[in-house]
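The lines below spell out each chain.
Number of protein chains: 2
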Amino acid sequence: MSDVHAARRARLRERCAAAGDGAALVTRPANVRYLAGGGPPGSVLLLGPDEDILLCPRDGGREGLRGAEEPPTLTAVPISGDPAVAAAGLLTPSSAGSLAVEEHHLTVARHRAIGAVVPGLRLTDLGCAVERQRIVKDEEEIACLRIAAEIADHALGELLESILVGRTERHLALELERRLVDHGAEGPAFPTVVATGPHAGRRGHRPSDRRVEEGDFLSVGLGADYRGYRCLIGRTFVIGSSPAAWQIELYELVFAAQRAGREGLVPGAGYRDVDRATRGPLEAAGHGAGLAPRTGHGVGLEIDEDPQLAPAAMGKLDARVPVTVGPGVHLPGRGGVRIDDTLVVRPEADGGPELLTITTKELLAL
Amino acid sequence: MSDVHAARRARLRERCAAAGDGAALVTRPANVRYLAGGGPPGSVLLLGPDEDILLCPRDGGREGLRGAEEPPTLTAVPISGDPAVAAAGLLTPSSAGSLAVEEHHLTVARHRAIGAVVPGLRLTDLGCAVERQRIVKDEEEIACLRIAAEIADHALGELLESILVGRTERHLALELERRLVDHGAEGPAFPTVVATGPHAGRRGHRPSDRRVEEGDFLSVGLGADYRGYRCLIGRTFVIGSSPAAWQIELYELVFAAQRAGREGLVPGAGYRDVDRATRGPLEAAGHGAGLAPRTGHGVGLEIDEDPQLAPAAMGKLDARVPVTVGPGVHLPGRGGVRIDDTLVVRPEADGGPELLTITTKELLAL
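Residue numbers (our numbering), protein chains in the order written: chain A, 846 to 1211; chain B, 846 to 1211.
Just so you know, the hints here were simulated from the structure itself, not pulled from any lab data.
The structure displayed is predicted, hence computed values, not measured ones.
Be careful, since some hints might not be right.
Said to hold, decoys possible - What follows is a list of derived Cβ distance ranges for each label pair: (1) Pro-923(B) x Ile-1093(A): 27 to 37 Å; (2) Met-1159(B) x Pro-923(A): 21 to 31 Å; (3) Pro-1156(B) x Thr-920(A): 22 to 32 Å; (4) Asp-1027(B) x Ala-862(A): 15 to 25 Å.
Said to hold, decoys possible - Partial list, computed: chain A residues near chain B (C-beta under 10 Å): (5) Gly-1085; (6) Ser-1086; (7) Ala-1090.
To be verified - Which chain A residues stay away from chain B? Per the calculated CB distances, all over 12 Å, these: (8) Thr-1013; (9) Pro-1036; (10) Leu-1098; (11) Ala-1129.
Note that beta-carbon positions come from the ideal geometry of N, C-alpha and C, so glycine has one too.
Using the sequences and the hints, build the whole thing.
So, in structure tokens, the structure goes:
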């Protein structure tokens, strides 16, 4: 893997050179991991004029509470105090000229401390250069996402075989998270969502003590973290032998919208076009007002990355971009439906979008 | 609770007025929760010249993944875009004069955006004013910490009644986290640590697939989040019927050090004096080199708050300050011992330090 990370750093270095920056300081944790391959929490990467150095906190702000990640491909240099400030201290204005920092991640206080440690060093903005570099994945990254999705599918599949009626949302969520780890996840990719009855399909629902009842919609959202890569799957089920007519109708509507979005995932498609494909059927059915501001997003080292699939999003999909497609409709007081998949954009010649989360999307009555 | 939050805001407003700031923008999540009583993730609090407003993201960056917290005591105003920028937009240079922001939390990019939205508004640094206000807790906060500690004690007690040999660190950690939630925690206060054999007592250990074996030291660190308040307990046990002589000796040493630290928790004691009381016996026994940079810290809405109990820490303890006391010694290749408690500083007239985590600290052979 070490070559992979060195190649990523070389690409960023080219970008910095083109922008006139002699050095770059990467502080956002997922960006550090992407470029360096790991390191303890709080590590920062200095892409220097001569060499690249990973600086990590000697003590860690929260030593004893959080552990180190996998070994990085760079030598990790333990530093007392703020690693970002120490990194800047390795530079001189004459050697580096300017240092590009991640202004969208660095705090004002750290930025000021960096500026003070090397007077005369010009601080510029690296912007989201690393985040943009992360959008298109290589096949090794996609392999990790594929395994993460398999783990989530397994955990969900096992839950569906168990008795659900009478159990609380909170316990079902914990059970799913335990199963994710059982199947090899480092942990859940994000806090697992289990929503029953009137909660089902609701955005931002946190598992409560409500118990699953006969006739409920049950919506579940979960994902696995496998080697840092995070996927997302969401499904909605009906509890009991026969769904009500309104439940079948709502499910079919959301399913059709989600399929339209999935089918729009071709290289060259605009982010907003995919969103429109998903959103259109729901708006046409009169559910426009309650819809989420976006219907999908990128995944990778973070569960929520670019691109954003939203009405005003600019940009076009490339091959090897993993995204979620996950519309949902919630009817206040009654519940609702949400269906999320993680897919990888592939050219039609390669078979079109690759579905990573393969749990059935038939409406199961459990 | 609404009066409590209003009183906290009034105190901060006085501090701002004294510093000449007409308004303050609070962005750090634990600080927002402390002053406003809750709100969806990403909410910010504007302590304005006329009124206080909680601004929350209309969509939430990660809507659907994370839920809203308990209802705040202020009206939550949904905002499209960055709530911090929108908050600044409510001010004029003439009405506010200057706006104090949390430079240790706010990113450079957000700071710049805030500056751009109201040209002429002077941005000053609020510093850690709210964090300092949070150090001394009121009795309601301490009651939450007490319940959090009870929950952790229960979870740990139940684990000790089960069979441990042959189970992995990872599964024991998950089991503990499930039990925390079973007993009423919102979740774990931090990722649970379970360390066996050569891992035991090691700082920053993450649960692995190593299984508990006869003769192991087993060290466990966990805590509950109860209504946002987080505690910490750490214990070390021996697996099997009879601990080895070196295990008993090491345990007694760490126990004596931890007791010395606990006994130092009186109002007026210097942070560094408590650290020295804990650290001294370990250094005297030749374990100085491997010790953590601090032996305890504050807890509350965050698991790691001020004060820091460390050799160079400045300041003195007050009554009603909850802190951890948790020394540990790790012998590479052999394992080690760590014992953590959460206590509240109380005057001697009130019985001295209040121990919140009451699980026994006898060396149990399990």
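Can you list which hints this structure breaks, lowest number first?
Going through the list in order, the structure violates hints 4, 5, 6, 7, 8, 9 and respects the others.
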